[in-house]
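A.B. asks: For reference, the chains in residue letters:
Protein chains: 2
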Amino acid sequence: MPSYKAPTRDMKFVMQEVLGAGEQLAAIPFYKDNDTADFDLLSQVMDEAARFVETEIQPLNQIGDKEGCVRDDQGNVKTPTGFKAAYDKFRAAGWTALDADPEYGGQGMPHLISIAMNEMITSANVAWGMYPGLSHGAYSALHAVGSDELKKLYLPHIVDGSWTGTMCLTEPHAGTDLGIIRTKAQDNGDGTYAITGTKIFISAGEHDMAENIVHLVLARLEGSPAGTKGISLFLVPKFIPNADGSLGERNGVVCGSLEHKMGIHGNATAVLNFDGARGWLVGEVNKGMNHMFIMMNAARLGTGMQGLGLGEVAYQNALAYAKDRLQMRKEPRVSGEEADPIIAHPDVRRMLLTGKAYTEAGRALALWLALSIDTEHHHPDEAKRKEAGDMVALLTPIAKAFMTDNGFNVAVQSQQVFGGHGYIQEWGMEQFVRDARIGQIYEGTNGIQALDLLGRKVLMDGGKKLQKLAGTLQEFAEENEGDENIGDYVNQLGKAAQQLGSITMVIGQKAMSGEEGADEVNAAAVDYLRFFGHVVYGYLWARMAKIAHDQIAAGNDKDGFYLAKTQTAKFYFTKLFPETKALAATIKAGNEPLAVDDMAVFGWEHA
Amino acid sequence: MPSYKAPTRDMKFVMQEVLGAGEQLAAIPFYKDNDTADFDLLSQVMDEAARFVETEIQPLNQIGDKEGCVRDDQGNVKTPTGFKAAYDKFRAAGWTALDADPEYGGQGMPHLISIAMNEMITSANVAWGMYPGLSHGAYSALHAVGSDELKKLYLPHIVDGSWTGTMCLTEPHAGTDLGIIRTKAQDNGDGTYAITGTKIFISAGEHDMAENIVHLVLARLEGSPAGTKGISLFLVPKFIPNADGSLGERNGVVCGSLEHKMGIHGNATAVLNFDGARGWLVGEVNKGMNHMFIMMNAARLGTGMQGLGLGEVAYQNALAYAKDRLQMRKEPRVSGEEADPIIAHPDVRRMLLTGKAYTEAGRALALWLALSIDTEHHHPDEAKRKEAGDMVALLTPIAKAFMTDNGFNVAVQSQQVFGGHGYIQEWGMEQFVRDARIGQIYEGTNGIQALDLLGRKVLMDGGKKLQKLAGTLQEFAEENEGDENIGDYVNQLGKAAQQLGSITMVIGQKAMSGEEGADEVNAAAVDYLRFFGHVVYGYLWARMAKIAHDQIAAGNDKDGFYLAKTQTAKFYFTKLFPETKALAATIKAGNEPLAVDDMAVFGWEHA
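Heads up: the protein sequence lines correspond to chains Z and U, in order. Here the first sequence is numbered in our numbering, starting from 1 and rising by one per residue. Here the second sequence is numbered in our numbering, starting from 1 and rising by one per residue.
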């Protein structure tokens, strides 16, 4: 059975030594005033979170996979054994309220801490973690654009975890393309709306873990314009609450079936049928897409965390197995047994270091983003808020796609370390692979993330956000180009960053040149995001290596933590970062090789 | 539900136009005399095989995944619904005898045709295909080194499919490292041996599809030397046959349990307990490893075929979905619907073309290898046999590892084309991913294949086999460097081939320089195999493109088949082949980045 130990030491290293989180949070009155900026306190919270997750959540992971969720004839859904009990403890300990607004019962902790705990939960049990995870998305949207009335009625219950939330976007014919959804909203004339339609792929859509479920639903109000400009956001509770928050009548939303999935079996992925269900408008009419994106950005980082968390736990278990499994003899021998631990073999080390390098860089990116979100939401200086918000917008698609792609690949490589045993369910490695696969698909496929990055985040503002980041990198590179330890990394990084700029320019020019411009963006996007991801990870690895070398020089490396950082950085720059060479070539090749003859190559006949 | 259409047109193109199979087989008396060299006949056999596989085998694929195999308390195993009936038809139609020796009831067809059918079967239903597939391995070993008595008693039953075979190698503590197996053989003094021990991961190890099962078992004869030099190969039948071939008493080999696996659920992966089971020596005492390798090479190509077959069927279904699924609007629009087929979007085309390019090159490699095996086994000219055998030895690890890695990646990308629907079991795409994953692991992990290639096949003979292949490539490159159509490909290929040579030289020098030499080989192997694989695929794509351009120029491209070849070749060289740039860099980085501090990085304490 797999094991898990939360990497709190590394989390604290990133927060405090790389990001200077304590200082940054102290500059934000919201946290200062709530007494949630103190890093010692935050450290203790993380330690406690680790203990809870390791002992209460992780042991349920294989049970959840095996049992799955079961729906009865009435549409009620039973979650796997132990899921509800663990959730009750989770609520009772206040974890659902961690980074929520104190006005609604929250603890007002930074998002930084919530994201760290998020990583732990997804490592331990991603299917379980999606129940509170989806609630967090619903909380964010409602908190941002809901009316005071809705907020007062719903938020305290979501914050204390007695009610959970969902995001109802997808329909059978409409996934990426939300502009063509058919779910309808009719004005009841009493401040409520009748919602009718079918939503699919609704994570945590129906279950027995909470008293009530608050669905946030995209629907088209009668008479609204076609496309994304005619979509509104509605709140549809499973049970309609009375004014005092007690539960009233059952609403007209029913779970029609549960999907049979490749993984995340412990999470109920529901088909929800809305049959004139009573709904309340959230935010403004026809602004549903904008409002939903409040949730989507959080959900995208949350999905990226699944890649990180599953990569981490897969790596941990591969590492343990590699030290334990004796197979073949190394020269010189490293054990007195009939064979040596496979960790002695370079190719096994390559697989392990791939996991370590991607995971630790991903953690740095995630925590950097989380701290930026805290700054964006609460910093008193508007310019700082804007700057942080731009960085969040730019880096979110990278966090989602690059982290889930790497997480899946790390899970696959970690499974490979187990040889044949990796294919056997009892060892748990194949579950990590199956569970990790969905992260590349949902909350906008990674192809869509790439288009969001290149089309919307980079080209649409004329490269301003990119230039801002490039400036930061440039500055760091200039400061360190002569450094004896990281000078070589910084030079590689500087070249790649320059190349990113010139690649962007070329695509930007192509994009504006006539009809095929959009195709050039579409053709380049996925490779572009991967290239960009390496530039970001390279920057973070160079920074981490610099700090580690300084600590070693100062005689502070008692347990080898900093030595490990410097050696993992070297692995990253010599064995993973060179992927950029291939990507530069494939991006440069552009759309032409894809513009093949439709009939000859694909047998596709069209107008 | 997924569909499948055997790509017989492409198979015939490779066989006849690329490899000149008809002419080559006609030069081999064994086929000429058996009337199995005629390409028209072989074409008809392929068409009939396609019909059989599409209608009888493919419809059972999802059933097999869902039902799996079930073991009762006595150790009997029931295969999924329909598996036995399909196998009975398969036998009755003579397919188990296809390329077997006419002396034992075989049809004496070339291995070329058997490999083509192998691809079809793995596309249709890989779990089902493993039952006859394993029999083929047992047939090969027994045919090559068994005594006349054993051959006469067993081979006719294996050839007519009434008995199936297995390969019993792995034990709980010994997978890659067969030198440490513990299964024992004691001489009974009557020409038989008592076999005792436990074997795991035995594919098709116990089932209800055939009357008898012939286990080929690696065991250590009492008093034999330690390590691989003390291992012998034994034949252990489930039922001990009487001299007339009728079934006698039940032997002491029992299925102790079935593994719960990530995929290939329809195949029974058994733990087999041998308790003094009666066995017969196959070949010579203590030569078991050599004899087993007769099976292993066939099994490795067979495993490579799983990558090819699953890549092909995943690609076919992604292509169909991409034409059907309407999502987002393309400029200019390509349909009158509210959205356009997603195949119009360049990034979707990129995913599809990746599948097409890897699959068609893999098919060319597989059929080239199969024809080389026919030459190796039956050509009257010893020099030709030797030359073909060398090529088979060199290319087999590439076929196994490169084809299964690409097959898995193609399955994953094809699943991605489906968006969220790809994660749902009913669509069948996630089964392809799960089924494809094992190919990278079993029959020697792909890491082991890479060591076999670089260490044994390339370096151990001083690069002679490699130079032979490089000479072929060089000749082709020189002939075509000025070609207006493929000149650019040929130049890329020539450079990469030269680079492969110089990389090999550098690693070879490192390998001989002291204690860490073996580590340098181990560190480079996986990237080296991938680089080599691209050189081989590049060569095949350039050859296919040349033929296709010639046919187009001659006005022979009525249906666009050749145009598709030329455009897919271009995609390969511009979008996939550039991976070699990254691989060259990571190979060059060598072992140093992997030689990290064991305690600091991995927490691994050792002598």
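For the record, the hints were derived by calculation from the structure and aren't laboratory data. A portion of the hints provided could be inaccurate.
Copies of the same chain look alike in the list, so a pair counts if it fits in one copy or across any two.
Here are the simulated EDC-like pairs of lysine to aspartate or glutamate, each with C-alpha atoms no more than 16 Å apart in a straight line [stated by the list, open to error]:
(1) K558 <-> D483
(2) K66 <-> E171
(3) K330 <-> D598
(4) K12 <-> D47
(5) K558 <-> D35
(6) K384 <-> E103
(7) K386 <-> E481
(8) K229 <-> E284
(9) K152 <-> D244
(10) K323 <-> D597
(11) K330 <-> D550
(12) K84 <-> D190
(13) K323 <-> E516
(14) K384 <-> E23
(15) K464 <-> E222
(16) K5 <-> E211
(17) K184 <-> E17
(18) K510 <-> E592
(19) K581 <-> D160
(20) K323 <-> D598
(21) K495 <-> E479
(22) K465 <-> E376
(23) K89 <-> D160
(24) K152 <-> E484
(25) K32 <-> E484
Since the structure is predicted, the reported quantities are computational estimates derived from the model, not experimental observations.
A.B. asks: Are the hints correct? Go through all of them and say.
C.D. replies: Hint-by-hint comparison with the structure:
no.: 1; hint: K558 <-> D483; in the structure: neither (24 Å within a copy, 63 Å between copies)
no.: 2; hint: K66 <-> E171; in the structure: neither (28 Å within a copy, 26 Å between copies)
no.: 3; hint: K330 <-> D598; in the structure: between (54 Å within a copy, 15 Å between copies)
no.: 4; hint: K12 <-> D47; in the structure: within (10 Å within a copy, 64 Å between copies)
no.: 5; hint: K558 <-> D35; in the structure: neither (32 Å within a copy, 76 Å between copies)
no.: 6; hint: K384 <-> E103; in the structure: neither (24 Å within a copy, 84 Å between copies)
no.: 7; hint: K386 <-> E481; in the structure: neither (30 Å within a copy, 56 Å between copies)
no.: 8; hint: K229 <-> E284; in the structure: within (12 Å within a copy, 78 Å between copies)
no.: 9; hint: K152 <-> D244; in the structure: within (10 Å within a copy, 87 Å between copies)
no.: 10; hint: K323 <-> D597; in the structure: between (52 Å within a copy, 14 Å between copies)
no.: 11; hint: K330 <-> D550; in the structure: neither (34 Å within a copy, 53 Å between copies)
no.: 12; hint: K84 <-> D190; in the structure: neither (36 Å within a copy, 64 Å between copies)
no.: 13; hint: K323 <-> E516; in the structure: neither (53 Å within a copy, 20 Å between copies)
no.: 14; hint: K384 <-> E23; in the structure: within (15 Å within a copy, 75 Å between copies)
no.: 15; hint: K464 <-> E222; in the structure: neither (39 Å within a copy, 76 Å between copies)
no.: 16; hint: K5 <-> E211; in the structure: neither (32 Å within a copy, 50 Å between copies)
no.: 17; hint: K184 <-> E17; in the structure: neither (51 Å within a copy, 58 Å between copies)
no.: 18; hint: K510 <-> E592; in the structure: within (12 Å within a copy, 42 Å between copies)
no.: 19; hint: K581 <-> D160; in the structure: neither (49 Å within a copy, 53 Å between copies)
no.: 20; hint: K323 <-> D598; in the structure: between (52 Å within a copy, 10 Å between copies)
no.: 21; hint: K495 <-> E479; in the structure: within (15 Å within a copy, 38 Å between copies)
no.: 22; hint: K465 <-> E376; in the structure: within (15 Å within a copy, 62 Å between copies)
no.: 23; hint: K89 <-> D160; in the structure: within (12 Å within a copy, 62 Å between copies)
no.: 24; hint: K152 <-> E484; in the structure: neither (58 Å within a copy, 73 Å between copies)
no.: 25; hint: K32 <-> E484; in the structure: neither (39 Å within a copy, 70 Å between copies)
Of the hints listed earlier, those the structure fails to meet are numbers 1, 2, 5, 6, 7, 11, 12, 13, 15, 16, 17, 19, 24 and 25, in rising order.
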